[in-house]
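Using the hints, position chain B against chain A.
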Amino acid sequence: MNIFTKIAMAAALAATLGATAVSAQTVRMGTEGAYPPFNFVNDNGEIDGFEREVGDELCARANLECVWVTNEWDSIIPNLTSGNYDTIIAGMSITEERDQVIDFTQEYFPPDPSRYMVLADAELSDGAVVAAQTATIQAGYLASTGYTLVEFATADETIAAVRSGEADAVLADASFLAEIVDASNGELAFTGDPVSIGGGVGIGVRESDGELKDKLNAAIDSMKADGTLSALIAKWFDGREVSY
Amino acid sequence: MFEYCADPSAIEGLEWWSCYLTTAKHFAFYKSFGTVLVLLFATVPFILLLGFAGALARRSKAFPLRVFGLAYTSIVRGVPDIVFFLFALIALDQGIEYLRHITLCPDWSEPIRQGSDFIVCSEAKMPLGSAPQWQHELYGFFLAMTGFAVVFGAFAANTMYGALQAVPHGQLETGVAFGMSPRQIFRRIHLPQMWIYALPGLSNLWMILVKATPLLFLLGVEDIVYWARELGGTKIGLYSYPHGDWRLAYFVVLLVFYLTLTWVSERVFERLTRFVSKGQDTLGGTL
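Protein chains in written order, with numbering that gives the first Met the number 0: chain A, 0 to 243; chain B, 0 to 286.
Simulated from the structure, these hints should not be mistaken for lab results.
Note that this is a predicted model, so its numbers are computed, not measured.
Heads up, the beta-carbon is just placed ideally off N, CA and C, and yes, glycines get one too.
A hint or two may mislead.
[What the hints assert, rightly or not] From chain B, some residues computed to sit far from chain A (all C-beta separations above 10 Å):
id, residue
1, F62
2, S73
3, R76
4, V82
5, E96
6, E122
7, I207
8, W262
9, Q279
[To be verified] In silico lysine to aspartate or glutamate, EDC-like type, Cα no more than 20 Å apart, as pairs:
id, chain 1, residue 1, chain 2, residue 2
10, B, K30, B, E136
11, B, K234, A, E178
12, B, K24, A, D42
13, B, K24, B, E14
14, B, K234, A, D47
15, B, K30, B, E221
16, B, K234, A, D237
17, B, K124, A, E210
18, B, K124, A, E64
19, B, K234, A, E186
20, B, K234, A, D181
21, B, K24, A, D181
Isolated chain A (complex conformation):
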């Protein structure tokens, strides 16, 4: 190693040290990693999807250093309140029930109707068995209808239940199901009218974490204002147009 490489390396090292010294607060972003296209674990084992891009952009704008972690959907709220991570960014609709336990930023994805998906030639009769993911707004809604609710831990398992005939239908966010219906070559289809259940999708933060919530809200504002958010929604959701 000659003297110049040494100097160059020292300079690079100083630069990285300097960067870490001024770098902002670390924020751990909690997501499920099993809900494409919102969030999923790609083949490189990294978290990917619409929310990954939104989250990274928000962190850049709010000058936060973000680390991504996955957590099972069922225990995603308790693990936020006990401090294992600082945000929930996992396609979580803002509901009053959840708002009592945690706080939400403003929405970064508009309210999305839920839809029933069945095997292509099937009908949805009264008392049919309908699958939904545990602790989702759809599971809560189904309990108040005439259908028999079966719950599964992951969204993927609800789809598999319809394919195998274990359930007659699945009720889930239309934006999640759309791609599955498209990819099924006519095997699966939507049925019935869309149902509006929850509010928009927001980032969950601890109720005591007002500062982080304000920073994220400001960053979402700026992404809405310059159109980057609408562009990301169009990119991940098949050209969907949203006016923010």
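What follows is chain B alone, placed relative to chain A:
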């Protein structure tokens, strides 16, 4: 991994498979087998230690120790594993953070509990919020080891207590006849003679422990079952390697793994049984 993997949609057959099975995600799956094995083997000494301590406590002449031993074995065995892992370990985690909090941030004035939130100063976080992800994983691993050691230790304590009680009187009296001290009798006769009675129970415990690893996911440790489910699920076009529902195939791999582990364990326990049966005046004993 290979050069031709750059565009997965253009390849098929053997090339597709060689790329698919060597994605970073698959390596995480392969690595999780190691994680599970390391966890199992690292926990066993602590299970035996806690089990032994629990059994001795239950046999102790001191009343408080006896009560403690009985309480430990009864309560922990009675609480469902999933409850224990969800609540006791989160309480342990928060306890550690609380202790760090009162030592590291004495000037903190806000309450620790605000509604359902548990808030300690950021210096007291365990591990620190800014720590790299592997430290968080290691901490989860440590919590998992603690959980398994405490739960399975209680079962082991009961097994060992029973085994200690099963050693025939005559053998211990022989020690007295030879003029051994109580301590000598315990170390040279009672303890070695106990194992033949404890081994079947302990081997059961080991087999149950092997299958209990999916509980780890509650603590954020990604075990083999998590990865099998994640990799096997239907993959739509967003993924580089789309495929249908392959969970069955992945779970068959797990089945083979578990059966192999069972087979190897059985061989080992067979040898151990033969070893501790030597010289026993029992049906299975050998001279």
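Query raised in the report: Checking against the hints above, which ones are violated?
Result: 5, 21
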